[in-house]
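Chemist: If you want the building blocks of each chain, they are given just below.
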Amino acid sequence: MIYVVVGSGPAGVVATEQLRKLDPLANITLIGAEPEPPYSRMAIPYYLTSKIDESGTYLRKQASHFENYKVDVVRQRVTSIDTELNRLITDDGQVRRYDKLLIATGASPVVPPVPGIDSPGVHNCWTLADAREIVKLAKPGASVVLMGAGFIGCIILESLALREVNLTVVEMENRMVPRMMNDVSGNMIKSWCEQKGVDVHTSTRADSIEQLSGGKLRVSLSTGQSIDADLVISATGVAPNMDFAADSGLQIDQGIVVNDYLQTSDADIYAAGDVCQGKDFNTGEYAVQAIQPTAVEHAKVAATNMVRGHRTEHVGNVNMNVLDTLGLVSASFGMWMGVPGGDSTELVNEDEHKYLSLQFQDDILVGASSLGLTQHVGVLRGLIQSKTRLGAWKEKLMKDPMRIMEAYLACSQSQVGVA
Amino acid sequence: MQKSLNIDPAKCTGCLQCEMACSLENEGIFNTSKSRIKVFTFHEEGKFVPYTCTQCDEAWCMHACPVDAIVVNAATGSKDVVADLCVGCKVCTIACPFGTVNYNADSGKVVKCDLCGGDPQCVAACPTDAITYVDANATGLDKMRQWAGKTDTTVGG
Ligand SMILES: Cc1cc2nc3c(=O)[nH]c(=O)nc-3n(C[C@H](O)[C@H](O)[C@H](O)COP(=O)(O)OP(=O)(O)OC[C@H]3O[C@@H](n4cnc5c(N)ncnc54)[C@H](O)[C@@H]3O)c2cc1C
Ligand code: SF4
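In the order they appear, the protein sequences are chains U and H. Here this note's numbering is used: the first sequence runs in plain steps of one and ends on residue 758. Here this note's numbering is used: the second sequence runs in plain steps of one and ends on residue 761.
Mixed in with the good hints, there may be bad ones.
[What the hints assert, rightly or not] Using 25 Å as the maximum straight-line C-alpha spacing, the simulated DSS-like pairs for lysine-lysine come out as follows:
1. H/K638 x U/K390
2. H/K713 x U/K535
3. U/K693 x H/K607
4. U/K478 x U/K409
5. U/K555 x U/K693
Just so you know, the hints here were simulated from the structure itself, not pulled from any lab data. In this text the structure is predicted, and so the values were computed from the model without any measurement.
Bound conformation, chain H alone (with noise of 0.2 Å):
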């Protein structure tokens, strides 16, 4: 069974540990400005909104790409960036209809969530499980890809 980050806003403080977290594993600095998982702020209502890339099946960035540069890992299911492969080219960026592939400009290259190849550090750094790393089939995200499917550029199949 392949496990994925199950998100519950609801015990979201804020508090942005996930960002570091992310951050310093990935980049080697913390620097939140760096973090694949972004908390956004809904300051009307007060609540707080970790997200990232839901590994989703259709996998758009992957099939955008024109050199091959993003593949799924055989062991999470997740969707990595080859970093020595990719050409900066962006079109993945704008395939991806959640937003969850980005531009670093100072690499030339763009980054994203790959679970940290197992253990994904936004869940170990999480104080109140807002961020889980669970089985698949029990997350939230099925919502989310249900949305995903609403984006296809097919019906029927």
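Here chain U stands alone, though its shape is the one from the complex (with noise of 0.2 Å):
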């Protein structure tokens, strides 16, 4: 067999690893277009901040890693693929048989529309070479503008924040990560960052960018106000990056249509991670994620499927992210803005910045939400894909949301007695 990953970032380093566990005779081959070992893009903030060096970034810390498992990493970026004759084609002309492909490419960052946008000195913070730029201009006093309080923007902004540069968030919905947070969590999050001295500006846009003399960007705000930065970083959303794989008759939608059993249109073919739009836990939904326990995830069900025939369903990713902004942890897991016909209970504490809120359906937990909590955090996820049943114990949380750990214990762990 002839299994072809193209991708080298978590999705096809763990599809790999799979492929050689299910297969130990089979031919691998791992290509991925970025010049380092294969990283992790989550690491990046953790290198802005010189926690760990580049070499903290890699995905498996052994360089015989490959060689062990017997993987040929060949560092090429896929142009196009031959579905017809199973081949695909690298930047360099070369053309590579396959069995079954795996489309593990990942997504890249979209360039929002605003005039001088392509200027020196503005950069996306999503490759280790975009955080090597980012690193050299991102000097202590420096003054930074960051486009964008999502997800991926709220994670470097407490890179640079670290990094004791002047800094400016501008974000155009009205509060910070508003896919991931509501109204009330996602403004706590936003005078936390504003009393750590951080100046967020919400629903404005950034209108454009001028190049003035001396090397500084001035970016020019939607509400009339004007910036001068040295660094300016996009942090505006990310795209999959399918346009290769649409060129070769791949159906594709928000990302690369997929099955339950992560195949693509052609048969020979499979796809992961942030360029897959692959099955939601909750909604049943087929939406991309773009987040590393579900690249990892569909990675290992993938993996199996090409080479055991399709005996692992998929039934589905609970979404799910947590966030570090300047010391005030937050997270979001499943249905946190609640269902239709559900109920929910939500707990405040603006002066400690604590949060949680819940998300029933019936008398399962579907969603959650929380601000301040590190602690035991994650059975919010193993209650919602669990789908346990709370019964009595969901009238105490709607009284006390905070129970949550006791109402976990007494009803996912029967031999603990308390149900």
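Mind assembling these two chains? They're in different frames, but the hints should get you there.
Modeler: This is the structure we're talking about:
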């Protein structure tokens, strides 16, 4: 068997390991477009703060890892797939045959339609190459404008603040992390950041970026204000890397379309990770989640099905995020925004920046979001994914959501004997 | 035969010796808030429930880690956090459906039970045998693991 995996992020790497585990004799190739050893984008924020060096971002720490797994690592960009002949072509003109192919090419930042966005000094924060540029420009005291306070924007926010730059954040929506937190908690994050000296402009757009003499950039905001910056970081969203897949005739939508075995519209091609429009556990619909845990779980399921045939169904991933904004830890799970006809309960403590919201359908937890909680948060995922019936505990939680750990122990750990 | 912690809540008196021993062993101080095993109190029923990682086979924490900072201890089967590699991203804390990997803001890294390398101090400290370290097959953890199975993202396989 010849397996080819395109994309050497977490999805691609985990897939090669699973393929090897299940098919010890197969021929496995991992093709990635970036020059570094396979690394994790998620670790970039910690590279920016010098908590780790570049090698700390590597997905596998042993230099011989891929050799040990007999995985051939190729550093090229795949430009097209010939689905008739099961071949793919890379940048250098090489043609490779595959029996089964996995596309795990991830996503790339979108370029917002802002005049001047292509000026020198404007960077994404997506690759190690981007990170190196940011390190050069984000010196202590430098003026930095961060466009976008979504999940990725907020993660970078912390790293930049720790680099002691003068930071201004511009977000189009009315709050921070709008796809992870509601009005109340999103604005609690904002007030927390402001208390820490970060200038946050919500409901604000960057209208243009103008190059000034001396290398500075003038960012004009929709509020009429303007800020002169040494560095502008664009974190306004990402889109799947699927052009070559679409050109090759694969069905695409938000991402590459897959069935419940993570197989694409071509029987020999599978998809995983940020590029893949896989099933959402809660809604049953297919959506791009673009998070690390989903990428890894996709990879395992896809690789298993590639080797063993369709015996492993993908039941969907719970969308979940955890974020640390300058010491305030937030997390969100599943239907954190609630469901029609469902119940919800909320604990708000603005002074201590603590927040917990639970969303129920019947007596089953279907979503949650939290601020300021770091202990045992994983049980929120556990309760959602196991669809555990909470019975009488639901009413107790409606009165006091902070009793979630007791409810969890009582309802899911039968040996506990307090149900 | 690998061993695991067996917890019998019915025997627990809530004395918190396990939390103290865990904190001393792992953090060098007596501070129950630093313990990796937690005793939960059910006031209405007057019950105490010690709770920590089951070292489950699925090891969601380990697979979710973006930098390979959680590894299997070959001797005990425990899933250990390699502090030098952990960047503190907390993804493992939301991936673990048992909520047994927790973030420690002081160190900027996560902590979880590592069975003290094969000599669990909570077991040594427990005066009532509510926590014992026994052959894996014999433990009530099976039930907990069954529940873990329900948390899998696949069916069949
Ligand atoms: C700064 C930052 C912080 C983040 N923090 C978090 C977090 O806290 N939690 C979380 O869950 N997620 C986080 N993410 C998102 C997470 O990193 C992604 O969900 C994850 O990397 C997806 O993995 P993947 O393997 O699908 O794609 P990627 O990691 O993007 O890997 C795809 C690989 O494919 C390669 N590639 C693309 N096109 C081609 C081609 N044509 N030919 C060959 N190779 C190609 C790319 O170069 C890349 O190496 C963060 C991302 C960033 C940038
Ligand atoms: S917090 Fe540490 S151990 Fe947990 S996933 Fe992140 S890097 Fe890995």
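Chemist: Each of the hints needs a verdict: does it hold here or not?
Modeler: Hint check results:
At roughly 23 Å between alpha-carbon atoms, H/K638 and U/K390 fall within 25 Å of each other, so this suggested pair holds. The hinted pair formed by H/K713 and U/K535 meets the criterion: a straight-line CA distance of about 22 Å does not exceed 25 Å. For the suggested pair U/K693 and H/K607, the alpha carbons sit about 39 Å apart, so the restraint of at most 25 Å is broken. Distance hint between U/K478 and U/K409 is unfulfilled; the C-alpha atoms sit about 42 Å from each other, more than 25 Å.
At roughly 39 Å between alpha-carbon atoms, U/K555 and U/K693 are farther apart than 25 Å, so this suggested pair is violated.
When the structure is compared with the earlier hints, violations turn up for hints 3, 4, 5 and for no others.
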